[in-house]
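There are 4 protein chains.
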Amino acid sequence: MKAVLELTNELGGENYVLWGGREGYETLLNTKIGREQDQMARFLHLVIEHAEKIGFKGQILIEPKPQEPSKHQYDFDVATVFGFLQKYGLEKKVKCNIEVGHAFLAGHSFEHELAVASSLGQLGSVDANRNDLQSGWDTDHFPNNAGEMALAFYYILKQGGLGKGGFNFDAKVRRQSLDPADLLHGHIPGLDTTARGLKGAVALIEDGEYDKLLDGRYAGWDNGSGKDILAGKLSPADIAAKVHADGINPQPKSGRREYLENPVNRFV
Amino acid sequence: MKAVLELTNELGGENYVLWGGREGYETLLNTKIGREQDQMARFLHLVIEHAEKIGFKGQILIEPKPQEPSKHQYDFDVATVFGFLQKYGLEKKVKCNIEVGHAFLAGHSFEHELAVASSLGQLGSVDANRNDLQSGWDTDHFPNNAGEMALAFYYILKQGGLGKGGFNFDAKVRRQSLDPADLLHGHIPGLDTTARGLKGAVALIEDGEYDKLLDGRYAGWDNGSGKDILAGKLSPADIAAKVHADGINPQPKSGRREYLENPVNRFV
Amino acid sequence: MKAVLELTNELGGENYVLWGGREGYETLLNTKIGREQDQMARFLHLVIEHAEKIGFKGQILIEPKPQEPSKHQYDFDVATVFGFLQKYGLEKKVKCNIEVGHAFLAGHSFEHELAVASSLGQLGSVDANRNDLQSGWDTDHFPNNAGEMALAFYYILKQGGLGKGGFNFDAKVRRQSLDPADLLHGHIPGLDTTARGLKGAVALIEDGEYDKLLDGRYAGWDNGSGKDILAGKLSPADIAAKVHADGINPQPKSGRREYLENPVNRFV
Amino acid sequence: MKAVLELTNELGGENYVLWGGREGYETLLNTKIGREQDQMARFLHLVIEHAEKIGFKGQILIEPKPQEPSKHQYDFDVATVFGFLQKYGLEKKVKCNIEVGHAFLAGHSFEHELAVASSLGQLGSVDANRNDLQSGWDTDHFPNNAGEMALAFYYILKQGGLGKGGFNFDAKVRRQSLDPADLLHGHIPGLDTTARGLKGAVALIEDGEYDKLLDGRYAGWDNGSGKDILAGKLSPADIAAKVHADGINPQPKSGRREYLENPVNRFV
Numbered sequence: 000m001k002a003v004l005e006l007t008n009e010l011g012g013e014n015y016v017l018w019g020g021r022e023g024y025e026t027l028l029n030t031k032i033g034r035e036q037d038q039m040a041r042f043l044h045l046v047i048e049h050a051e052k053i054g055f056k057g058q059i060l061i062e063p064k065p066q067e068p069s070k071h072q073y074d075f076d077v078a079t080v081f082g083f084l085q086k087y088g089l090e091k092k093v094k095c096n097i098e099v100g101h102a103f104l105a106g107h108s109f110e111h112e113l114a115v116a117s118s119l120g121q122l123g124s125v126d127a128n129r130n131d132l133q134s135g136w137d138t139d140h141f142p143n144n145a146g147e148m149a150l151a152f153y154y155i156l157k158q159g160g161l162g163k164g165g166f167n168f169d170a171k172v173r174r175q176s177l178d179p180a181d182l183l184h185g186h187i188p189g190l191d192t193t194a195r196g197l198k199g200a201v202a203l204i205e206d207g208e209y210d211k212l213l214d215g216r217y218a219g220w221d222n223g224s225g226k227d228i229l230a231g232k233l234s235p236a237d238i239a240a241k242v243h244a245d246g247i248n249p250q251p252k253s254g255r256r257e258y259l260e261n262p263v264n265r266f267v
Numbered sequence: 000m001k002a003v004l005e006l007t008n009e010l011g012g013e014n015y016v017l018w019g020g021r022e023g024y025e026t027l028l029n030t031k032i033g034r035e036q037d038q039m040a041r042f043l044h045l046v047i048e049h050a051e052k053i054g055f056k057g058q059i060l061i062e063p064k065p066q067e068p069s070k071h072q073y074d075f076d077v078a079t080v081f082g083f084l085q086k087y088g089l090e091k092k093v094k095c096n097i098e099v100g101h102a103f104l105a106g107h108s109f110e111h112e113l114a115v116a117s118s119l120g121q122l123g124s125v126d127a128n129r130n131d132l133q134s135g136w137d138t139d140h141f142p143n144n145a146g147e148m149a150l151a152f153y154y155i156l157k158q159g160g161l162g163k164g165g166f167n168f169d170a171k172v173r174r175q176s177l178d179p180a181d182l183l184h185g186h187i188p189g190l191d192t193t194a195r196g197l198k199g200a201v202a203l204i205e206d207g208e209y210d211k212l213l214d215g216r217y218a219g220w221d222n223g224s225g226k227d228i229l230a231g232k233l234s235p236a237d238i239a240a241k242v243h244a245d246g247i248n249p250q251p252k253s254g255r256r257e258y259l260e261n262p263v264n265r266f267v
Numbered sequence: 000m001k002a003v004l005e006l007t008n009e010l011g012g013e014n015y016v017l018w019g020g021r022e023g024y025e026t027l028l029n030t031k032i033g034r035e036q037d038q039m040a041r042f043l044h045l046v047i048e049h050a051e052k053i054g055f056k057g058q059i060l061i062e063p064k065p066q067e068p069s070k071h072q073y074d075f076d077v078a079t080v081f082g083f084l085q086k087y088g089l090e091k092k093v094k095c096n097i098e099v100g101h102a103f104l105a106g107h108s109f110e111h112e113l114a115v116a117s118s119l120g121q122l123g124s125v126d127a128n129r130n131d132l133q134s135g136w137d138t139d140h141f142p143n144n145a146g147e148m149a150l151a152f153y154y155i156l157k158q159g160g161l162g163k164g165g166f167n168f169d170a171k172v173r174r175q176s177l178d179p180a181d182l183l184h185g186h187i188p189g190l191d192t193t194a195r196g197l198k199g200a201v202a203l204i205e206d207g208e209y210d211k212l213l214d215g216r217y218a219g220w221d222n223g224s225g226k227d228i229l230a231g232k233l234s235p236a237d238i239a240a241k242v243h244a245d246g247i248n249p250q251p252k253s254g255r256r257e258y259l260e261n262p263v264n265r266f267v
Numbered sequence: 000m001k002a003v004l005e006l007t008n009e010l011g012g013e014n015y016v017l018w019g020g021r022e023g024y025e026t027l028l029n030t031k032i033g034r035e036q037d038q039m040a041r042f043l044h045l046v047i048e049h050a051e052k053i054g055f056k057g058q059i060l061i062e063p064k065p066q067e068p069s070k071h072q073y074d075f076d077v078a079t080v081f082g083f084l085q086k087y088g089l090e091k092k093v094k095c096n097i098e099v100g101h102a103f104l105a106g107h108s109f110e111h112e113l114a115v116a117s118s119l120g121q122l123g124s125v126d127a128n129r130n131d132l133q134s135g136w137d138t139d140h141f142p143n144n145a146g147e148m149a150l151a152f153y154y155i156l157k158q159g160g161l162g163k164g165g166f167n168f169d170a171k172v173r174r175q176s177l178d179p180a181d182l183l184h185g186h187i188p189g190l191d192t193t194a195r196g197l198k199g200a201v202a203l204i205e206d207g208e209y210d211k212l213l214d215g216r217y218a219g220w221d222n223g224s225g226k227d228i229l230a231g232k233l234s235p236a237d238i239a240a241k242v243h244a245d246g247i248n249p250q251p252k253s254g255r256r257e258y259l260e261n262p263v264n265r266f267v
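Protein chains in written order, with numbering that gives the first Met the number 0: chain A, 0 to 267; chain B, 0 to 267; chain C, 0 to 267; chain D, 0 to 267.
If you're looking for bench data, these hints aren't it; they were derived computationally from the structure. Keep in mind it's a predicted model, so treat the numbers as computed, not measured. Warning: the hint list may mix true and false statements.
Because identical chains cannot be distinguished in the list, a pair is counted as satisfied if it fits within a single copy or across any two copies.
[Stated by the list, open to error] Derived DSSO-like pairs: lysine-lysine, alpha-carbon spacing no greater than 27 Å straight-line:
| # | residue 1 | residue 2 |
| --- | --- | --- |
| 1 | Lys157 | Lys211 |
| 2 | Lys86 | Lys1 |
| 3 | Lys1 | Lys241 |
| 4 | Lys1 | Lys252 |
| 5 | Lys31 | Lys56 |
| 6 | Lys92 | Lys31 |
| 7 | Lys163 | Lys86 |
| 8 | Lys232 | Lys92 |
| 9 | Lys171 | Lys52 |
| 10 | Lys163 | Lys91 |
| 11 | Lys157 | Lys31 |
Between the sequences and the hints, there should be enough to build the whole structure, so can you do that?
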């Protein structure tokens, strides 16, 4: 770590990704999970300490992954990483590098992991390789789903971009793809897909209807009692009294999911 | 069954789908699987016998589904249904009605089930509802993936259409979607997605490059020794002797997967 | 194949397992699935032809597996293999070698695959290695679940054993298990687990209550109208007329699943 | 919440479980995930505020569950809950109620969730119902796997018990199980399985070999340089210098997984 971090710094690297290839367990039977967390946190403190010492200004990133090669990786998904970082006071020092396929293997959509990370201030960089939808291991395919990329860019643009982070393909051509040209035929549409996703997200945001609908759904909490509840001004007893006094009886409103799929599909 | 089949006939119905809602087991512990197969086959023979007796000219269809409500449905997927039909001499009398989401729950892509069914003469009709990619139960969403539909139509068009079968949505709006308008907002993009998929498949076939590449991959088996092997003219000993005599040493060729994704993505 | 089959014969081998390591597709986009089935069937005919020519008296076995290394293996599970064998007239010549972990990866329990195979006359041999329950790839662990083994032996004993087939471990110690002794510590409990399962199945059958309960569930079909229906003596019209005339209104009966788990757990 | 919490208090209840039946999203498209977390945290603060006000001395518990009825529940698993609680300063006020089947649906073993929760001080109570291993939805079966229970009790006993928490079955008999007696046949073996698991865990701990082996694996970090590293006394530069000076070259040691499975299996 020391040597590679120094090398990254000398080369002007702006990101240092801790890929969790061995940071998990093969079996709980030989594992003290709390102790391993403590030790992993210590290691991470050493990384940060050394980065600061040598003047590295880039991002330190953890790449969430649920399993493989171990049965259970400690960096299972963004929410797990965030809990770990907070426990050891590291959440301001480390961000996440999110991979499409790792999200899928953890039981999440790619946009879920981005939305979660962004809401927690943890969205630092992206590995764009997707997973086969029927394979239970990490397949590292090139991107070919522009809609998935558009939703990803939506969250990235809404937070003002990735800063020092970026979009990386560490995708691979398939075992059957033996020709040098296959590498080009993988990368070119991968880039085209990414570009098409970016353009879709820009169009979605510029159109504005989607954000307006989304904001509208939460508008009731922006003033009046809703605002007071969120500000901690009302106790359960206050709220109950108010409900009884004013005869408050909120009616369910449609989530309008099908309607919302339209602007998204239109711009991709 | 008797009453509904007669009603279907009177109404001019062209398809009679046997949806396997209870045709499976909750636990193997109380199940004799061979006996249940025999009984299910007898029932199917009764259906066909009655259909013929009343002059029903439509298709009899089984809808493959891997699970839910039972733990294991006997009509798990197309390949399973085909094995069952053959065992009881029913494979010429019954076809499959394939649902996008059921394919996914069985561990297959939608196009896989269509390709398998078409190759076996079993592709009779389609339920277009897809599944959520992260939910482990049958979600019956409206279609919203034009690329998935395009690959489906490719197989349908290549076999000359669905005959008496068709495209059905038995999709549902979500639990949160409470307004009557939500029904429209589900159906309209579902139809648009389907139409976009159909147009993509037509364009892919009319362009012709994809089929040419695909045919090319198997061309070596259309003549010479390849043809003789498939025709059963050469024994293992003949083949081995020929390999040694002629110094045959086939070199692996690229599967060109990444290249093939291009025409498909271009037309969708 | 020719050379290895001859060698197997010379060494007195009684089983020849066709492990489907490459018999599947990486992507449907470069695959004609019907054509590949035809070619695979031709190959299988060549295997059988050569086995007969050299006088090999052992079993020819296919090992079902859903995926890995390919995205989709053609021998997905027992039901799929059986459909394939029937289509090409091979179901009397080839049986299945069933692996615990492959069953799990295909979305089935181990006992499911044994029950299905046995009911179809396809249960020829067993690979006893299980899968990790949280990993999405083939892990080949040693057996350590005696209950799972007991249910397996139940089906094997009920069909009179595996004939020329047997129980094989092609299990592996884990990557972390570096010592020669680890090999022993994997094999010994694997064998103990298998033995404990066998003893449990014997006890379950000798006790007799379980089989009696299971037989009882289907007893209503062994005589009277039930028997006539299964024998094809009654048409749907006959059955409907009888239901109306006799006021037949069958009441649901408990499947008694929880009760049935008791004898099984007691003997394991 | 206010009324039920007061009722719980009056009845002398010692646990108040927040079961997250609607605390998730159906689709990210209509969801601001950060905002919903803030609002959920506010609600939880109201619960705690009211509990303290009325003098409720019991535990407040969250029940992790990954999905169903929503596509994504915010209380996905223990690690996710812990991250959420920390963010809002609630980790000392709220613990987890862990369900066997929810752990499985989240991609974890039951013992994993217990081990994680215990290491974080979050293990408060248990729902003992397991899931079917092949079903993708919450099945709430009665416990029937004593080995799984033994590993659970190991973690519970090692932390000194569940305190005010307990073992709950909110398991259900299956849809086919119609008789009143089926309820008994579900509960009795469920309790027996639990008891057998407890006895196994006690025997495993009293025997002592397992804990000795487990402690031994980490012993190298309890003194010397290992201890200094964990105590933060050595910087990366110090460690690198020491490695070079002393020629430290640690050799991999076997994880002895297969050996460790023996004591566990022996006592269950």
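Results of checking the hints against the structure:
{"no.": "1", "hint": "Lys157 <-> Lys211", "result": "within (14 Å within a copy, 44 Å between copies)"}
{"no.": "2", "hint": "Lys86 <-> Lys1", "result": "within (24 Å within a copy, 31 Å between copies)"}
{"no.": "3", "hint": "Lys1 <-> Lys241", "result": "between (60 Å within a copy, 13 Å between copies)"}
{"no.": "4", "hint": "Lys1 <-> Lys252", "result": "between (56 Å within a copy, 24 Å between copies)"}
{"no.": "5", "hint": "Lys31 <-> Lys56", "result": "neither (34 Å within a copy, 31 Å between copies)"}
{"no.": "6", "hint": "Lys92 <-> Lys31", "result": "both (26 Å within a copy, 25 Å between copies)"}
{"no.": "7", "hint": "Lys163 <-> Lys86", "result": "both (25 Å within a copy, 25 Å between copies)"}
{"no.": "8", "hint": "Lys232 <-> Lys92", "result": "between (33 Å within a copy, 21 Å between copies)"}
{"no.": "9", "hint": "Lys171 <-> Lys52", "result": "neither (36 Å within a copy, 45 Å between copies)"}
{"no.": "10", "hint": "Lys163 <-> Lys91", "result": "within (15 Å within a copy, 36 Å between copies)"}
{"no.": "11", "hint": "Lys157 <-> Lys31", "result": "between (40 Å within a copy, 12 Å between copies)"}
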